[in-house]
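Chemist: Using the hints, build the complex out of the two chains.
As given, the protein sequences belong to chains Z and R, one line each in that order. For the first sequence, my numbering gives the first residue as 1, with consecutive numbering after it. For the second sequence, my numbering gives the first residue as 1, with consecutive numbering after it.
Take the hints with a grain of salt, since some may be wrong.
Said to hold, decoys possible - Listed next, the in silico EDC-like pairs over lysine to aspartate or glutamate satisfying Cα-Cα at most 16 Å (straight line): (1) Lys130/Z - Asp118/Z; (2) Lys80/R - Glu58/Z; (3) Lys143/Z - Asp33/R; (4) Lys8/R - Asp33/R; (5) Lys143/Z - Glu85/R; (6) Lys42/R - Glu58/Z; (7) Lys207/R - Glu79/Z; (8) Lys138/Z - Asp155/R; (9) Lys154/Z - Asp155/R.
Don't read these hints as lab results, they were simulated from the structure.
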Amino acid sequence: MKFVGEKLEQLAIHDTEMKHANLLGRSAFNRFYYASFLVTRSTLAKLDPKWKMTPHAEIPTRLRKTIKNKVANVLKIQERKGVITASEKGRILSRLQSSTEELAEMLELAYDARIIADYIPEELIVKSGKIITLRNYKLTTAKTWPDRAHSYCKTILKVYEEVGLD
Amino acid sequence: MRRLVLIKVEQITEYPERLSKYFVSDLQIRPTDGSILLYIPKDKVSDTGESNTVTRRQIRGISSELEKKYGTPVNVVLLKSRKIEELELGLGHLLNQRFNNAIEQFYLSFSAKSEINAWILVPGLSSSLKQEINDVFGLLLEESSLIKGTIQWIDPDIDLPSLPAILKVVKSLQPVLILSLFQELADRYPDTSEKWLNSQLNKLIKKKCLVRDKGSASYTLTSLGLNIVPSSLNRNSSDVLRALALGKRKWSN
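Isolated chain R, as found in the complex (with noise of 0.2 Å):
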């Protein structure tokens, strides 16, 4: 077997003089793969060149440079500032406190332009207690000059099924009428009432993605609505999915 043969910190010429322009706060080499790490504080790097900061590209760049002069892989370690440890503790038991510690997982970041998201999960959550979250968590950012990104709220039950998604189930029971087509997004999203879905059916009626049947009432898709829904290669492909429900059809009847 090859031995690896490690490159030594001391041999990166460039560090740490020139590559503190590019705020490398240090510079290891990994063990098991003899690649270069540099470790970049997370809030110097920036998508736009903002001052005082490095871009993606400059990072990718000096990079591409090192890996070329010393024949090694190079890895960039970006390290999470404690500033934004701190906030997220602190915001996290502020929200706690207010919404008697309903809020079970609570993770920010920065994110390019500077602001803020969050990814909140609170068990069993309903959209008023949402909204107040949402409004709470606003203005907590608002009082402390920072810009809010977005929310990412982690339960999956909460929300109503997109228009690509409403196409994939009728894609997989076509032509189906909507109370099963309400049956069956029922299970998987609760607060779909079946006056709601109706709305969307007439969308994507309207955009020409579905037809609905005079006579039976069944809807079915249409050859838009069939080039619209991706065909996936894992086990809730549409196509999988479609041919499962045919079988089920055929063997119940």
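Isolated chain Z (complex conformation) (with noise of 0.2 Å):
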């Protein structure tokens, strides 16, 4: 999906017809929003098999509150029972909580970005460049989203390994 969306920022950008540039560039919005939030949900279904098709709303509070609970859950006992120590399971937090955050906002973001390009037509591509914008939001940083979405996702997997959850 992340390869559809390059291939359709470069004929966006490339396209000198501005009603065709309009439709590639939002197209392009919409791929790399989607390319993001299925590498959230596969990560999510390995977390948790109930939590394979969790529906886009509900993603942000997963990550923010459901998954930092189970941690700091699993954390307090094993800090506890003297495996980890305090300052270790307040390292251990603060890298989940990081990521989880920085994915849950993006998400809202790319989400926003997303709803845009699909349904305000009237709200068109702006053009400078190799820059193309709509509303707030370049290309080149959507473009970024999968990756981005992917180094979010590993971090939180390899907590949930070091905790033992996975």
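Modeler: The structure is reproduced here in structure tokens:
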């Protein structure tokens, strides 16, 4: 999906017909959002099979609350039993929290851009050289969403592994 | 099917005056579900209520107030500042210049305490290169009067297993000899050595999570160790892995 997004971006940059560039650019935003959404959802399914079909709107809460609480509970037991120290617990939680928060915020931004691209056709793409923008969103930034999602997900998986949950 | 009636931006009387105190830079109505969207620059959000910022708690408060008043959900979109995007781009270029384009991915975020957190991917990263990048990155931030938070090294193969992760593998294979345990862990953690593993096992014995049988030299979890290993629902759950390992042992005998 990321590949399709990148192809659409290139087509949008090089198409001199603004009507076509607008349609191609909007579709690229959509593809980049879905690529990052799917990366996140497949990570959630690895963490808990019940989370496999988590809807778009619920993902930020799952990342910010459910995952954090689950890991925090396990760490609390491990600290109480003396397997990890309080500072190790803090360090692990802070790593988890920065990744879940970044991912949740990024998906909220990406979802917003995707809704504008798909449902508000009167807001047009603006092209300035190789930079394509839709409202406040740059396509060059959108292009990094899937890899960013992948990186944050890897950290989350690593924390799960470190605490013995995966 | 019930038609969704959308509220209009002009009906939100709190916007823009009152909401400007919360640094709301834009307000929109989402066409798909009619929710109110509040756009707030992320660098204006803090956890502790520093001056010239809004706290997450205050944002939750105003969101729930608007939800009740207008009978529609309120969603907040935190806008990443151009400053952090430019910093990310600049520091990424500098590090790649210094380390011969070794860095494949480089992302930054400001934490609540105004620290800079980083996510860095360097394929085939050695521990010495990791230390070097860490030092140079720290220096660059220091030169710019920025505070270094945590670095998340994205490649998962470079670290050593944690004590809970070792306990989990012991649980699935127990009673287990150190060599079998090492072979199992080395696949996932290539940096693991038998000597290092032995020291970790001794730590776990001291913490009363493991026992070592003097005769067979095999390791087994104590009830305390068993209580520490979490039981999850995923395919790598310690209970599932234990059942699979027992099955494998039975059929290979």
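Chemist: If a hint holds in the structure, say so; if it doesn't, say that too.
Modeler: Going down the list of hints, with the structure as the test:
no. : hint                : result
1   : Lys130/Z - Asp118/Z : violated, 22 Å
2   : Lys80/R - Glu58/Z   : violated, 21 Å
3   : Lys143/Z - Asp33/R  : violated, 26 Å
4   : Lys8/R - Asp33/R    : holds, 13 Å
5   : Lys143/Z - Glu85/R  : holds, 14 Å
6   : Lys42/R - Glu58/Z   : violated, 21 Å
7   : Lys207/R - Glu79/Z  : holds, 12 Å
8   : Lys138/Z - Asp155/R : violated, 28 Å
9   : Lys154/Z - Asp155/R : holds, 8 Å
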